[in-house]
Amino acid sequence: MDIGNILISCHEAKEQLVVPQGITHLEDNLKSCSKSLEEVYLPNSLTKIGKRAFWKCSNLKSIVFPPYLETIGEEAFCECDSLESITLSSCITEIKDGAFKACKNLRSVTIMQDDLPKEPGYVIVMGKEAFANCPKLEQVIIETEVQFWKEAVFENTGLKEFIFPDGMEKAELSERMFENCKDLKKVVLPRGVWELPEDFFKGCTRLQEVIRKDEGWQELEDDRIQKFFDNDAGNYKSM
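Read in order, the letters of the sequence shown are residues 2 to 240 in the working numbering.
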């Protein structure tokens with residue numbers, strides 16, 4: 002059921018939901034979405050997915066995100082345990098708090114770089130715990146700049162390495178970004194980032210290498226460098 006260009010209910014959908022072309026918003030707490038929902042087809046007209054739109058749709062396996070999607074609401078896909086991968090275009094501007102939190106089988110996330118038109122003043126915000134508690138999440142590829150990273154974005158995931166995209170000289174990083182990522186071994190930081198927030202790598206007991214894309218990192222004093230590691234094997238270096 003829709004009102005104008007906003008879908009407010011999907012009560013007729015069982016295993017498959019096809020959202021009609023022309024719909025631009027999925028309402029918060031999308032009513033009557035079946036927990037047996039497995040596939041979602043979204044139109045190119047869609048720009049916003051509301052808060053908890055598909056919350057706890059544990060059988061949802063497949064969703065193709067449209068190219069002009071800008072906002073994914075709080076906990077929109079939280080506890081979608083069958084979801085394995087997501088790919089977003091660079092038109093995305095905000096992945097809100099807990100958007101994909103606790104998706105137990107999520108394995109890969111990609112935000113592509115592309116030539117799609119953007120609004121003036123365009124920035125990307127990654128919300129608090131956006132991908133937290135996704136234990137099988139091993140691959141995250143971000144090809145476009147993310148300017149704002151809130152707390153614990155990747156807390157308690159299966160990441161083994163993470164490479165920040167270029168062009169993030171003014172990026173704002175937040176606390177506990179990789180907290181308890183126990184398999185994380187390597188991180189490549191963006192240029193222009195000279196300080197790391199509190200507990201940035203807390204609980205990353207296998208972290209071995211943090212590389213910074215600027216010369217001069219080695220000039221920092223040892224105690225300031227080593228405090229970010231929870232082991233004795235850590236090594237910082239510049240590219």
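Hints are computed from structural coordinates only; laboratory data are not their basis.
Hints may contain errors.
[Said to hold, decoys possible] 25 Å max Cα-Cα, derived BS3-like pairs, lysine-lysine: (1) LYS186 - LYS105; (2) LYS62 - LYS161; (3) LYS151 - LYS105; (4) LYS203 - LYS183; (5) LYS36 - LYS49; (6) LYS187 - LYS137; (7) LYS171 - LYS129; (8) LYS137 - LYS105; (9) LYS137 - LYS171.
Model, not experiment: these values are computed from the prediction.
Open item on the list: What's the verdict on LYS137 and LYS171, does the C-alpha distance respect the 25 Å limit or exceed it?
Closed with: 30 Å, violated
TODO: Assess, step by step, whether the Cα of LYS171 is no farther than 25 Å from the Cα of LYS129, and give holds or violated.
DONE: 19 Å, holds
Task: Hint consistency between LYS36 and LYS49 [alpha-carbon to alpha-carbon, up to 25 Å] - done: Holds, at about 21 Å.
Open item on the list: What's the verdict on LYS203 and LYS183, does the C-alpha distance respect the 25 Å limit or exceed it?
Closed with: This hinted pair holds, its Cα atoms lying about 9 Å apart.
Open item on the list: Against the 25 Å threshold, does the CA-CA distance of LYS186 and LYS105 hold or violate the hint?
Closed with: 21 Å, holds
Task: LYS137 paired with LYS105 [C-alpha distance capped at 25 Å] - done: 7 Å, holds
Open item on the list: Need the status of pair LYS187, LYS137: alpha-carbon distance at most 25 Å?
Closed with: Cα-Cα ~17 Å, so holds.
Open item on the list: Please verify whether LYS62 and LYS161 have alpha carbons no more than 25 Å apart.
Closed with: The given pair, whose Cα atoms are some 24 Å apart, holds under the 25 Å limit.
Task: Agreement of LYS151 and LYS105 with the hint, judged by alpha carbon distance not exceeding 25 Å - done: Satisfied, since the Cα-Cα distance of roughly 21 Å is no more than 25 Å.
Hint 9 alone, counting from the list given before, is not met by this structure.
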